[in-house]
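Residue numbers (the numbering used here), protein chains in the order written: chain H, 1 to 207; chain C, 208 to 609.
Note that these hints are calculated values from the structure, not bench results. One or more of the hints may lead you astray.
What the hints assert, rightly or not - For each label pair, taking beta carbons as the anchor points, the in silico distance ranges come out as:
#, chain 1, residue 1, chain 2, residue 2, range
1, C, K551, H, V77, 39 to 47 angstroms
2, C, D342, H, A70, 23 to 31 angstroms
3, H, G63, C, H378, 19 to 27 angstroms
4, H, P91, C, A312, 23 to 31 angstroms
5, C, I360, H, K158, 24 to 32 angstroms
6, C, T608, H, W48, 32 to 40 angstroms
7, H, V77, C, V598, 19 to 27 angstroms
If you're wondering where the values come from, they're calculated on a predicted model, not measured in any experiment. C-beta: ideal position from N, C-alpha, C; glycine also.
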Amino acid sequence: MTQIIGTWIAAGLTLAIFSFLYKDNPFYKVAEHLYVGVSAAYAVLYAWANDVYPMLVEPMFLGRGAVTTADRWILLVPLLFGLMMLARWVPRIAWLSRWSIALTVGIAAGLGITGQIQGILLPQVAGTLVPLTSANNVLMVAGVIATLVYFYFSIAQKGAVKVGSRLGMVFIMVAFGASFGYTVMARISLLIGRLQFLVFDWLHVVK
Amino acid sequence: MNRIALGAIALVLTAGLAGAAPEAPPAAPPGEASAAGLTAVDTPNDEGRSITVTWARSPRDIGDAAVFKGYQILRADHADGPFAEVGFVIGGKTEFRDNVAEGAAHWYRVRAVAGSDSSETGTAGPVRASAQWFDAGRSNVLIVTVLLAFLMIWYIERAKKGEELFIRKIHGLDAIDEAVGRSTELGKPVLFSFGLGEIKDIVTVAALSILRQVAVRCAQHGTELLVPNWDPLVMAAAQETIQQAYSEPGRPDLYKEGNVSFLTSDQFGYAAGVDGMMIRQKPGAVFFMGYFYAEALLMSETGHSVGAIQIAGTTAVTQLPFFIASCDYTLIGEEMLAASCYLKRDPQLLGSIKGEDFVKAILIVGFAALAVVGTAGALLAGAGRPWLSGVFQAIIQWFVTA
């Protein structure tokens, strides 16, 4: 019985969301607000249950898990920065939250430098170093060089640079076209999945 | 039959695994020990949490799982045992990485298992896991990072000294003024979305610079600016940015904190919320700046349906085609990062762009030159002279990260 009720609610909400294809209407508004509200509440609970409680409250205040006194002192740091974020609720000390944001951005930027070099730059350079012994290799090397010219910002796009830049744009657009078609196919499969739910699980038209 | 099989395994292990020495000599250096084919060493370039055990492959290990099951890795805390199984690898593999605590001494044996028969090697040990300060396998990353940092700092210092650094015009940026102006004429608000970018994403930081420019224009024209957010930290940063931007033209009174709101951290919940805002408030201009996933097309199509001028910018390669198809202007990848430098004209940002461009120049020349070297190497290798091809392969290997 519970499953039947759940299926009817899911089918009703799916149709309410689909009704947006016609125009904005009360059914869509209900589904939209329900979706936004439920997902926001879920996100808050998820953060509490998976981050704050097991990683801060349990080891620091309840003494659970293998934590030493040194660990508890270290946990004061995220606790402090977390509380500083909450200072946004008090206008007089709202500026304290900037420290937390600055710390997050700073750490991410620092880690990102080596991460990008190791994970993206060097592997791509290694992948581009190929002998020009096939049409594929020629296209790849030419495409990479032309695209790099397009993204060269500190010289004016005139003469040979302009030609290289245009060629780079052609390569970029061909790549985007392929990506577009591939992703559209993936989206169609998502639509098919939703329609299958309505036809098979809800209406039982096809068994 | 079993005795014959056991005997065969024992012979194999005697020849290939155990070798002549049943135990490692006591004088073995800390962190490494071996017993003929069996070796146990502290895993190099790690944080001191593992020991790598290797052994010679058994001749009975011929890829048939029905005949040869695999190798049991046994560990003890004393030379004379007791040894307990800490891992099992299938036939064909001759290496196992054992996760251990740093500093404790361990002894290892490997037991080859063929059907119901088995035989052990001698003992390798003692060996201790220890942490290394530097990961030698990533020295290439260090060299490239130092080179990049040097170039960035070099150009930033030149920019700080007042040197004029040229940044070419970026198409789409001029449209910011046009879009905000049109919204003002129509009496409609402007909507700005960061997508699903987090505050730690560089693209979100760049989007904040563009938001500042949009907010200044909105404040000058007295146009309402709506910024629905997916990430609470980005929302906080956006509130700070807009508040400051509104003060620049002397209109802090126009700033409404409620217009920079948190919707939800759910991808499609966020898309549904933004779509609803667009349908009901009908913005005259919509900016999609940040990192986007599948929600990109859902939102930009809705923006298009309400007749808004749409300007997008993202480094999400898979979503750029959708923005190009549905928006009036799109900043592609690094164009967006350069746009923030172009708008702010900050010496540090301009210097960093110049430094990046220098690296691109090196890459362009390098790719062209090495393509010639690689081609010549392939031709020479075909003529029986593989030395240049070897050099080319060595260069490629240098860029391969551990």
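Exercise. With 19 to 27 angstroms as the target window, see if H/G63 and C/H378 comply at their CB atoms.
Key: violated (59 angstroms)
Quiz item: Has the hinted range 24 to 32 angstroms been met by the Cβ atoms of C/I360 and H/K158?
Solution: holds (30 angstroms)
Quiz item: Does the hinted range 19 to 27 angstroms hold for H/V77 and C/V598 at CB?
Solution: Given a distance of about 50 angstroms, which is not inside 19 to 27 angstroms, the answer is violated.
Exercise. Could you say whether the range 23 to 31 angstroms given as a hint is met by the Cβ separation of H/P91 and C/A312?
Key: Since the Cβ atoms of H/P91 and C/A312 sit about 60 angstroms apart, the hinted range of 23 to 31 angstroms is violated.
Quiz item: Does the Cβ pair C/D342, H/A70 satisfy 23 to 31 angstroms?
Solution: holds (26 angstroms)
Self-check item: Range hint 39 to 47 angstroms (beta carbons of C/K551 and H/V77) holds or violated
Solution: violated (32 angstroms)
Practice problem: For the range 32 to 40 angstroms, tell me whether the beta carbons of C/T608 and H/W48 fit it or not. | Solution: holds (38 angstroms)
Violated hints, in rising order: 1, 3, 4 and 7; the structure is consistent with all others.
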